[in-house]
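As you go down the protein sequences, you meet chains U and Z in turn.
Numbers -11 to 261, taken from the numbering used here, label the letters of the first sequence in order.
Numbers -11 to 261, taken from the numbering used here, label the letters of the second sequence in order.
One should not assume that every hint holds.
One copy or two, either will do: identical chains are not told apart, so a pair holds if it fits within one copy or between any two.
Below, in silico cross-link-like pairs of lysine-lysine (DSS-like), each with a Cα-Cα straight-line distance of 25 angstroms or less [to be verified]:
no. : residue 1 : residue 2
1   : Lys140    : Lys155
2   : Lys166    : Lys140
3   : Lys235    : Lys(-10)
4   : Lys25     : Lys235
Calculated directly from the structure, the hints in this document are not laboratory data.
There are 2 protein chains.
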Amino acid sequence: MKFIDKLLKVQRKNRSLLCVGLDTDPAKLPRHLGASKNVVLRFNRQIIEATSDLVCAYKLNLAFYEALGEQGWHVLQETLAVIPRHIVTIGDGKRGDIGNTAERYASALYEELAFDAATVNPYLGYDSVEPFIRSDRHCAFVLALTSNEGSKDFQRLTVHGRPLYEKIIQTTLKWNTKQNIGLVVGATHPAELQPIRAIAPSMPILIPGIGKQGGDLQSAVRYGCDKNGLLAVINASRSVLYASSGKDFAGAARAEAQHLRNQIEQLRTQFFS
Amino acid sequence: MKFIDKLLKVQRKNRSLLCVGLDTDPAKLPRHLGASKNVVLRFNRQIIEATSDLVCAYKLNLAFYEALGEQGWHVLQETLAVIPRHIVTIGDGKRGDIGNTAERYASALYEELAFDAATVNPYLGYDSVEPFIRSDRHCAFVLALTSNEGSKDFQRLTVHGRPLYEKIIQTTLKWNTKQNIGLVVGATHPAELQPIRAIAPSMPILIPGIGKQGGDLQSAVRYGCDKNGLLAVINASRSVLYASSGKDFAGAARAEAQHLRNQIEQLRTQFFS
């Protein structure tokens, strides 16, 4: 199945644009889970089982697994194995390297780990992105305007009268012959989401930055969606994972995910019906 | 010891600006080594033992280790353990993520794996680089003008009349309060090395792209070095690693490394004495 069809299908089935970011930090886990090697995997499994009917995607931040050292790869694989197949998986490593190296990264993420999608940094240009968009079963979410403070340092520089991130988006539109490029735009930039959606009317947009980072959920839904009220993938990580540090952590994560999903659905109804 | 002092010391001791890139690809290894789990490690060990008196640094391309799957981390650790301590090690992952995630990457590379330096993508701005430059024992090599074809897509865009990569270099100069930022500039851009060295007279410059990629060694030495004929770190990967596919691979790698080191030394003598 094409990536874009898989995404649309699960967004409709679960009536959800919510993506839960499994940025699992061993230092923040409920104490009763202990500190054994498998604690991250046990935590992830319970979070996934508690939320998988409420989300369209899970995003796994690769840095958090790399930080686990030798066991990280195993935990990644086993976590992915728990995620139901109809839900989109995003390998969030923000990879960007020269062609022959980018091929390695793409092969690790798409073949070895079987992610559906990956986040990609555009700074190295076409040959760094191309291995991630060879098949329309996979999607490369290209960093456009990221959610962090540092996004102002270079992404907003003016190029021919327009911000650099816009120039990058325009260029990715030309690369998008297989309809399998998406964008990353932080919810912390609500004023920019509308013009970005206008430039790229049918790309999926991954929107991190709600919750802990303080992004604007209303704009994320209103301007992040395509004309049918779909294709925005709105990510929350810490606010869901660490909703409770007690024995009820999975239930609390479910309640928070449900709350977010419902808020998003309400806004979708308001703006797209 | 400060990173910059460690680099200068080993460049003087080994009279070498050569960095060997351990981008080890299991598919390209000499057949007689077999295909066991440890083949990459055995190959790396022999390459390091055959070349460590001829180099100032080893650069490990993380994609090649990630592509090994579950054993990749172990192979990284064991390879690093073989490298003599006075030689600089560079974790080449071109990482770039928001602050709290960049901290994870930096901790994995600097604390868990004990690399001296890392390559970093600047597109996400200051908070994505800062965790890599907290200590002057470590160095972040920031991607400026990369060796690949795609470097023209965005890196050369005009910002206030100057190329984007120059704007990025100017900004990293302001961040460089601990003298521990370096640049990555491909040897495939010989005409740009001189102006870049003029802007950043005392930063280490990591210069990939000689050998297979066809970069210009003479310009790499002449314009990549600081005024003392040091601080250029000139990387060769495939031309050294795969100098022979026979049983003599380590000897052939040594011969190729020696040839490159001597060529570089000759050029240094020509331009800096």
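Hints and how they fare:
no.	hint	verdict
1	Lys140 - Lys155	both (15 angstroms within a copy, 13 angstroms between copies)
2	Lys166 - Lys140	between (31 angstroms within a copy, 23 angstroms between copies)
3	Lys235 - Lys(-10)	neither (39 angstroms within a copy, 46 angstroms between copies)
4	Lys25 - Lys235	within (19 angstroms within a copy, 41 angstroms between copies)
When each numbered hint is compared with the structure, a violation occurs for hint 3 only.
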